[in-house]
Amino acid sequence: MDARFLPLFVVVPMASAFLIPLFAKLWPRFADLIANAAGAVLLGLSVYGAICLFTDSQVLLYHVGGWASTLGITLVYDHLTALVALAVNTVGLAALLFSVRYLDHYTGRWKFFSLFMLVLAGLNGVTITGDIFNLFVFIEISAVSSYALVAFGTDFDELEAGFKYMVIGEIGGTAILLAIALLYAKASTLNMAVVSQVMAGFGHTPLFWCIVATFLVGFAVKMAMVPFHAWLPDAHPSAPAPVSALLSGVFIKVLGVYAMSRVMFNVFGLSRANAAAFFNLLLAFGVLSIVAGGLLAYAQKDYKRLLAYSSISQIGYILIGLGIGNYWAIVGALFHVLAHALGKGLLFLTAGSVEHATGTRDLDKLSGLEKNMPVTAWSYLLGSLSLAGVPPFAGFFSKFFIVVGALSARMYWLAILAALFSTVTLGYLVKVVNKAFFGRKDREPTPAREAPAAMVLAMVGLLVLTVALGVGFKPVLDKLVGPAANVLLRGLGYAQGILGR
Amino acid sequence: MIAMFACMVLLLIGLYAVVTKRNIIRIIIGFSLVEYAVNLFFALVGFKTGGIPPIITDVAQSRSNFVDPVPQALVLTAIVIGLATTALMLALAMRIYEKYRTFDITEIRRLKG
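In order, the protein sequences belong to chains A and B. Each residue of the first sequence is one higher than the last, beginning at 1 in our numbering. Each residue of the second sequence is one higher than the last, beginning at 1001 in our numbering.
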């Protein structure tokens, strides 16, 4: 299969990021046009790549500059990449579409779109690269642009959150660089496939675990697992709503979950059979994240802050899925990557829509919005049902698979916890419905108007996909999530697919 | 080997500054120390005692004597990334000072919960 289109995943957003400042001088709306066109092209590319994988299940490979895998950078598009790239570019396009009108009350429109495209370039780069230093560079590209986007409002809260996020995030990034230095000292190569074959010959020495631990610290900060989560509840609510949707929906999963599972499963070849301690550690962090994130979300009065804590809790689900480490649990975790990306993206967009219409995110000041903003209200309600795991929405199947995985691994208490906390999820998400959208007979409905067409389109698009993912879970499972879970479970088999030996 | 441990000590000094200092500028300096420590460590990974620069002028030269050039190239990239992050941090620090009129992080605490 011809894989010459793979560099476009980075080239398209990167080029648009630099074209936007040029053309925005001529006509400010060019910024929206270029960004949305690039977002659509990216989504098209990831769908095309996925179709290539479905028709013949060869991994797509591209050697940058024609160098062999051992020397140059290899771009890899396998099932796991396809899953993550689809999530990134779907949420990315929805957020870009939403931004067109949402940015009406911001200045510096082209700066926003330019930074946003850089984030997308970094995220797409992280998903397709097969080189470990390249992974670090793309992580930093997306992270640095996201710090700027969090502080985009340049008011008290935004600046404080941006600085906090930046210091903690950069410590995480530096940990990843240190881990790469240690890994290079051991393996003397950077290509992930070659590294994995070299490392397989060394066995699990103390230095090996030292490298694993340093990587884990870096990725733990990026994915905001408890107790590395301090920045997230400040950073995600302070960003403009479409950025929150991108950060909470896909950013923490690509930089944290995807990068971590790629490195741990495919490069270090860890599996429950040979590294039970590591997987139990993931379980511990996962349980901690689910419980702490879920309970703290209950106490929030700020619409977006509640959703941010919810993200921490949902990352916990993905972590216990990975930590249980059998087929169904990993399928559940990866399914949740998709379901949570669409669901949480949608919820943050509704938060943006409410903020756009009423000028506040304080749940105590809002009431009865359903009357004037029916589309936003119903999008929120259905999206939160999906996240909480109510059938037939997407979130039900991810949690169902995780519970099935826990039961088949005989971890009954985890199955009970996962099921129990999905009711907690429903509880805190419904709190917003009760306070902001419905009920409150004692209070007048907050005056508001339904969001403009572009914003409604973005929300409804994500909602339709959430429902479609739930109703049509079978083909998604067979074609995409199942093979992606197998990529992780094959472990070191990843290298054979790339090097052919 | 001693140099590598010295790098780790430098890293810990930087981390100490990031965690304990109250002044934003000092936090940024601490972060820069962390970054330099890691960059230096990475450069040392490719170092060989008695090694020569990896520029081949004579094919007859012993190949084993070259220091590894790859970490040097990588560190160069990491330094450029570090430049961008430090610049952005300082820009944020300036905007914070304009808003709060202070560099003290204990007085910049509006977000909690």
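Please keep in mind that the hints were generated in silico from the structure rather than gathered at the bench. Bear in mind that the values here come from a model prediction, so they are computed numbers and not experimental data. Where a beta carbon is used, it is the ideal one built from N, C-alpha and C, also for glycine. Watch out, some of these pointers could steer you wrong.
[To be verified] Derived CB-CB ranges, DEER-like:
| # | chain 1 | residue 1 | chain 2 | residue 2 | range |
| --- | --- | --- | --- | --- | --- |
| 1 | A | Trp27 | B | Phe1066 | 50 to 58 Å |
| 2 | A | Lys474 | B | Ile1055 | 39 to 47 Å |
| 3 | B | Ile1055 | A | His63 | 23 to 31 Å |
| 4 | B | Thr1077 | A | His63 | 18 to 26 Å |
| 5 | B | Gly1050 | A | Gly44 | 43 to 51 Å |
| 6 | B | Asp1104 | A | Val464 | 31 to 39 Å |
| 7 | B | Thr1020 | A | Asp155 | 25 to 33 Å |
| 8 | A | Gly44 | B | Thr1106 | 45 to 53 Å |
[Said to hold, decoys possible] Here are some chain A residues pointing at chain B (derived, C-beta under 8 Å):
| # | residue |
| --- | --- |
| 9 | Asp104 |
| 10 | Tyr106 |
| 11 | Gly108 |
| 12 | Trp110 |
| 13 | Gly153 |
| 14 | Asp157 |
| 15 | Glu160 |
| 16 | Phe163 |
| 17 | Ile171 |
| 18 | Leu178 |
Distance restraint evaluation - B:Thr1077, A:His63, Cβ atoms, bounds 18 to 26 Å = Given a distance of about 20 Å, which is inside 18 to 26 Å, the answer is holds.
Verdict for B:Asp1104, A:Val464 (Cβ pair) under range 31 to 39 Å | 49 Å, violated
So the hint says 50 to 58 Å: do the beta-carbon atoms of A:Trp27 and B:Phe1066 match that?
-> 54 Å, holds
Chain B contact restraint for A:Trp110 - C-beta distance below 8 Å = 18 Å, violated
With respect to the beta-carbon atoms only, verify the hint that A:Lys474 and B:Ile1055 lie 39 to 47 Å apart.
-> 60 Å, violated
Minimum Cβ distance from A:Asp104 to chain B below 8 Å?
-> Because about 23 Å separates A:Asp104 from the closest Cβ in chain B, which is outside the 8 Å limit, the hint is violated.
Close enough to count: is the Cβ of A:Gly153 nearer than 8 Å to one in chain B?
-> 11 Å, violated
Per-residue hint verdict: A:Glu160, partner chain B, C-beta under 8 Å = 5 Å, holds
Could one say that the CB atoms of A:Gly44 and B:Thr1106 fall in the range 45 to 53 Å?
-> Holds, at about 50 Å.
Restraint check, 8 Å cut-off on beta carbons, for A:Phe163 near chain B | Because about 5 Å separates A:Phe163 from the closest Cβ in chain B, which is inside the 8 Å limit, the hint holds.
For the range 23 to 31 Å, tell me whether the beta carbons of B:Ile1055 and A:His63 fit it or not.
-> Given a distance of about 26 Å, which is inside 23 to 31 Å, the answer is holds.
CB-CB spacing for A:Asp155 and B:Thr1020 relative to the 25 to 33 Å hint | With a Cβ separation near 28 Å, B:Thr1020 and A:Asp155 satisfy 25 to 33 Å, so the hint holds.
Hint compliance for this structure: hints 2, 5, 6, 9, 10, 11, 12 and 13 are broken, all remaining hints hold.
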